[in-house]
Structure formats: structure tokens, C-alpha cells
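> Sequence:
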Amino acid sequence: MGKYHLIGIKGTGMSALAVSLKQLGHEVSGSDVEEHFFTTPILNENNILVTSFDEKNITANKTYIISTAFDNKNIEVKKVFLKNYKYYYYHEFLEKFYKGIKIGVSGVHGKTTTAMLIASLFADQNISAVIGDGTGIGNKNYKYFIFEACEYKNHFHIFNYDYLVINNIDYDHPDFFNSLEDVKRSFQIASDKTKVLVINGDDENAKDIKNNNKYTFGMNEANFTSCKIKKQVETGYFLDIIIDNKPYKFYLPFLGKHMIYNFLASITIYYLTGGKMDNLQDKILKLKLPKRRMEELFYYDNIIIDDYAHHPTEIKACINAVKEKYPNKKIVVLFEPHTYTRTLALEEDFKNSFQGADEVYIAKTFTSKREKHNPSLEKKVREIFGNAKRFHLGLLSSLKKYQGSVIIFMGAGNIRKYISKLIS
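Residue 38 is where the sequence shown starts when you use our numbering, and the numbers rise one by one after that.
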């Protein structure tokens, strides 16, 4: 068995990888900043040693896996390079290490949820998985490897897929991609590297991606898996679905149209890999959403929702899903913008993304490792959100004034810390 040290282990993908490796029987350690992340309990539960960054952690007898968030300015990365120790970046390691039938899940939105749904449907099979909410699965002699294929910096070009899912294509990561067309070109390159492509036929930006073995799903345009909503109830949808010209009826226990697309992608993969359809409804009823995806808690008579949404498209989808589930409740959103680059580049989209909410609070921008807090840019971000109220820790206690409301803590950074303080 190998010895692996993960630099930047608290990241969602890195923590999932650490758990998967540990379950496969390897010796795993890692390092990161001291700040508490929602992945910290996951690592603790799996008895994975996590320390602060220290060059003493870097010795000759390990293989190093480096988060793409860190470069040679990090003291551990710097020593790994200096000593010429064996290392991989996160995405490089996934491609090199994991074998079996590779199922990659891509798309600008919904990767984590769709990967989790696929892994859940495959739960009775021998799988390994690395999912972007910190969920890692490692079974020896696994047949399938399920993972997220992220488009950022074209990282997903490195993979050779057996199956690739594309849920959607949208403009994001403006610090790397110049335009929507640039993003689409990147997805086409990834699609050229898969044996089977499963793609959302309803998505205007995705449907024209080419592959000689292409299966589409959708509610309007689909050549393989089509769907109609027969009935919507307060807890989900009754769906009429046709897969490979065969009719099925399913109940999906989630709300939000985006969840239907995530589900259609998942069952298409399940069917194409030979999954049994006669007991599929039982599996569907056991499906769980990933951490920080419409995750519900309760505070007095309010419903607290923790959600990862940080792009305008995701924000709208989250608010719409909440309105479908709780049509008579007031919706209060506490949003933490994620990076100056994204927020300023998508300014016009952000201005219209909160229209379904009754009240909106904006927290200080979460800056990535590539950015530093900048008062001038912070002011520009505030101006985007107009009359939204400024949120800070001192306002937490004032949330008690909301009675029978839904309060959404939203963002890809560390907004969850406010929930922890609120509940405690």
C-alpha cells in the first residue's frame, strides 16, 4: 500500500480523494490552513491526520498530491519541488491512479449532485468515487470509478473517459475563459476523449457538442431519455420517462427543474451500463443530495438551507426550488459572493439573480488563493447588488426576527460558518 500526503486536503475534491484512498487501504495524511471547513469532520471521522502547513511534513517516503489552489509559494509545495519528490496535481492523480470503467460528470452546474446520484444508484455495485462534497468511496477490486470532471483551467482534458456526462454549459471562470465560445470549445475537446457521451439535449450551449456515440436526455429534445412531468407535489415530481423507447414511471423526491435534469443524466448512465430497471424506484427513494446542496436545518420555527450556489444560474435554480417547496413562506437569502473576478465579470447576471427572494443580505466576498481582499473591488461588488443589506457576524442574532421563514445561506466559500455560529 502507498503513503500519500495531500497538500490542501480540506478542499472538497481533495478531502474526498483522501477518504477514498484511506478506504482502499493506503496510508493518508494531509495539510491545510487551520480554518475549519465543512470537510473537517469528514476527515476526522475517517481518522485522517491533518496538520498545518509545515515543511517538516515533506519527507522522502511519500507520494504528494497537490491541490490546484496552491503553487510553489506554499512552503510544502516548494520543498516537494526542491527535493524532486514524486508528486501529482489533483486531476493528474485521478487519471493516473484510478482504473476500471471511468464515469466522468461534467457541466458548469450540477456536477456534484449528479455524481452523487450516480454513485447512489450504483451503491450495490463495486465502485470507487471522488465527489465534490467531500464524499470519497474506495472499494478494492472496484469496477466503476465515478468522479467530477471540472472544466476549470481545462483540467478535464487530461481524462480518458468511458462515459462522460455534460449537464450544461454556461459562462463561468472568467479568470481563465475569455467567452462562452471558449468554454464550449473546451467541452468539445473533453468530449472527443470519451467513448460514450451523455448530454442534456435541452441545454442550448451543450446540445451541439459532437461525439460519434452521443446519447441525449431532456424534457424537450432527447434521442434516448425523454421526460414529462405528470404531476408535481410538495415533495417532488411524478415523471413519465421513456428510455431507449421503453416507458417508465418514477417518483423523484426532489424539487427544482435542475434536479430533473440531474436525475435524467443519472438514470441514463445507469441504463447504459446495464442497470436493472425493475427495482430502480426503490433506489430513487433512497437518493440523498450531497452536502451543501439544499441542505436543511431548523432554527426556531425557521428553515435554514445551506447551499453551494455561487453562479447566477445556480442562485436562480436554488431560489426557484425553495419557492416550489415552500410557496407560502418568506425567503431570506444571505449570499457570500465567490471571488471578485466571477462577480464583476457576471455583473449583469448577478443583478437579476435574486428576484425570487423577499430579502437579500450580501456578505464580504470570499476570495480565492489567487486573490486578496481589495477594498476598492469590494465596493464595486456591493454596488452590483444595489439595495441588498450588508451582512456581517453581528447581524446573526437579528435573524430571530424572522418567523416561519426560509433563510438560505448561499455561496461556495465558507458561509456555512455563520450557520454553525447561529445554531450554537
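Note that these hints are calculated values from the structure, not bench results.
Remember, predicted model here, so these are calculated numbers, not experimental data.
Even glycine gets a Cβ: it sits at the ideal position worked out from N, Cα and C.
The reader is advised that the hints may include incorrect statements.
What the hints assert, rightly or not - Here are the in silico distance ranges between beta carbons for each label pair:
1. 86 <-> 407: 48 to 56 Å
2. 315 <-> 245: 41 to 49 Å
3. 266 <-> 129: 53 to 61 Å
4. 92 <-> 294: 43 to 51 Å
5. 319 <-> 82: 33 to 41 Å
6. 216 <-> 416: 20 to 28 Å
Claimed, not checked - The calculated lysine-lysine pairs, modelled on DSBU-like cross-linking and capped at a C-alpha distance of 35 Å, are:
7. 454 <-> 388
8. 177 <-> 388
9. 409 <-> 133
10. 438 <-> 454
11. 244 <-> 116
12. 180 <-> 110
13. 438 <-> 362
14. 247 <-> 180
15. 320 <-> 110
> Hint by hint, note whether the structure agrees.
Evaluated hints:
In this structure the supplied range 48 to 56 Å is violated for residue 86 paired with residue 407, their Cβ-Cβ distance being about 28 Å. Range check, residue 315 to residue 245: Cβ separation about 35 Å, and the 41 to 49 Å hint is violated. Our hint of 53 to 61 Å for residue 266 and residue 129 is violated, since their Cβ atoms are close to 42 Å apart. Range check, residue 92 to residue 294: about 50 Å between beta-carbon atoms, so the 43 to 51 Å window is met.
In this structure the hint that residue 319 and residue 82 lie 33 to 41 Å apart at CB is violated, the actual value being about 28 Å. Judged by the Cβ atoms, the range 20 to 28 Å given for residue 216 and residue 416 holds: they are separated by roughly 27 Å. Straight-line distance between C-alpha atoms of residue 454 and residue 388 comes to about 25 Å, which keeps the hinted pair within the 35 Å bound. The suggested pairing of residue 177 with residue 388 is violated, with an alpha-carbon distance near 48 Å, which exceeds 35 Å.
In summary, the hint linking residue 409 to residue 133 is supported, as the alpha carbons are separated by about 33 Å, within the 35 Å threshold. For the hint linking residue 438 to residue 454, the alpha-carbon distance of about 20 Å falls within 35 Å, and the restraint holds. With a CA separation close to 45 Å, the supplied pair residue 244 and residue 116 exceeds the 35 Å bound. Restraint check for residue 180 and residue 110: not satisfied, since their Cα atoms lie roughly 39 Å apart, outside the 35 Å limit.
Straight-line distance between C-alpha atoms of residue 438 and residue 362 comes to about 22 Å, which keeps the hinted pair within the 35 Å bound. At most 35 Å may separate the alpha-carbon atoms for a hinted pair to count; residue 247 and residue 180 meet this at roughly 27 Å. Under the criterion of a C-alpha separation no larger than 35 Å, the hint pairing residue 320 with residue 110 is inconsistent with the structure, at around 46 Å.
This entry does not satisfy hints 1, 2, 3, 5, 8, 11, 12 and 15, going by the numbered hints stated previously.
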